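Put chain Z on the given structure of chain U with help from the hints.
So the protein sequences, as listed, match chains U and Z.
Just so you know, the numbering used here puts 186 at position 76 of the first sequence, and the rest follows in order with no gaps.
Just so you know, the numbering used here puts 162 at position 52 of the second sequence, and the rest follows in order with no gaps.
Check before you lean on any hint, since a few could be wrong.
Identical chains blur together in the list; that is why a pair holds if it fits in one copy or across any two.
Stated by the list, open to error - The calculated DSS-like cross-link candidates involving lysine-lysine, where the alpha carbons are at most 30 Å apart (straight line), are:
(1) K300 x K114
(2) K113 x K300
(3) K152 x K113
(4) K223 x K113
Derived from the structure by calculation, the hints contain no laboratory data.
Because the structure is a prediction, the values reported are computed rather than measured.
Okay, here's what each chain looks like letter by letter:
Number of protein chains: 2
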Amino acid sequence: MSKKGILVVFSGPSGAGKGTILAEYLRRSPKAVCSVSATTRKLRPGEVDGVHYHFVTREAFEEMIRQGEVIEYTEYNGNYYGSPAGPIRRQLEEGRDVILEIEVKGAQQVRAKFPEALSIFVMPPTFEELRRRLTGRGTENEEQIRARLQTARVEVAMAPDYDYIVVNDVVSEAADRLGYIIEAARCSRKFNQEFIQDILSQT
Amino acid sequence: MSKKGILVVFSGPSGAGKGTILAEYLRRSPKAVCSVSATTRKLRPGEVDGVHYHFVTREAFEEMIRQGEVIEYTEYNGNYYGSPAGPIRRQLEEGRDVILEIEVKGAQQVRAKFPEALSIFVMPPTFEELRRRLTGRGTENEEQIRARLQTARVEVAMAPDYDYIVVNDVVSEAADRLGYIIEAARCSRKFNQEFIQDILSQT
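One chain only, chain U, in its complex shape:
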């Protein structure tokens, strides 16, 4: 089997539980890492450069775009957000599985550039459950909830573009499934071209 890591695109609507599943999965799999995004927005109190984001200037970000050094990016509220290619490439080469927690548009960009990337969409068991989770937070007013639900609808409609659907009913089971999918990918034909060629050349 190839010794390279697996690139994983991990998306899903807000409230589906992406962060909780990832935290649980990373706790179990020291081999996996989450890619740290770069952004041009200002560092907020409590945030650490290189941990929450790589904080860079607008000029630096645009230079990265020109150099093809971001594998996906978006502009939101006047700030850039994106995944820097360098660390991802290095970690994959080191045999680490790199997980990109990104939204559906970024996922499209990654899939277009890296057809070998594994794409996973996290779903609530029902849309009603998502509604409950978004409403239950109690930190947002009705209009904000409506806007979030509308975004969720648009995102869920992209699920059929992903390789895998992970239903988040029980977090530990969803993390199990994430693990199965990544380990299975290591056995995929796509990932074992070299090994197959190698063994064929010995026959």
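Chain Z in isolation, oriented as in the chain U frame:
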């Protein structure tokens, strides 16, 4: 997720360890079953009808072929061997994963008829290792070994047609991988069309 079982095509050259991996996997996963083949050859001492094979007459087998009731079959040494469709369909409906341990030509037939089937090819870590395993049995003469190796070459050349490659270095790890692949398949887009449609209809 769908409650139906997964249909798994499991192939690999003689000596790759298919039987050992399957025995280990079935021991762990009571939900999975191996399909019992039908054959027209005579029952041998120690064999049990319905366990080792379904022993049927030539007429009965040919009638099954006409009715489309075998999902793959081959003729070998004047006898038919094939996988009866009825029990497989029933077990899948009951939510059991059905594993077909079949050779590469049968696998082609199954893939053509059931594109949703998962196909897995078991490989020795190296071809040299396969040679060692086939030679080490000590039950066959040189010519028989040569013939087996030639068959193995032809079979290994079909590996690129399979969805997954399981390298059998350590049996328990190979059985782990088989499990990851089957569990991942349960999360695949292909297997969750209904769930996706269902949740989209709720939005």
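Structure-based check of all given hints:
| no. | hint | verdict |
| --- | --- | --- |
| 1 | K300 x K114 | both (12 Å within a copy, 26 Å between copies) |
| 2 | K113 x K300 | both (13 Å within a copy, 28 Å between copies) |
| 3 | K152 x K113 | neither (38 Å within a copy, 48 Å between copies) |
| 4 | K223 x K113 | within (21 Å within a copy, 35 Å between copies) |
Checked against the numbered hints listed earlier, the structure breaks hint 3 alone; every other hint is satisfied.
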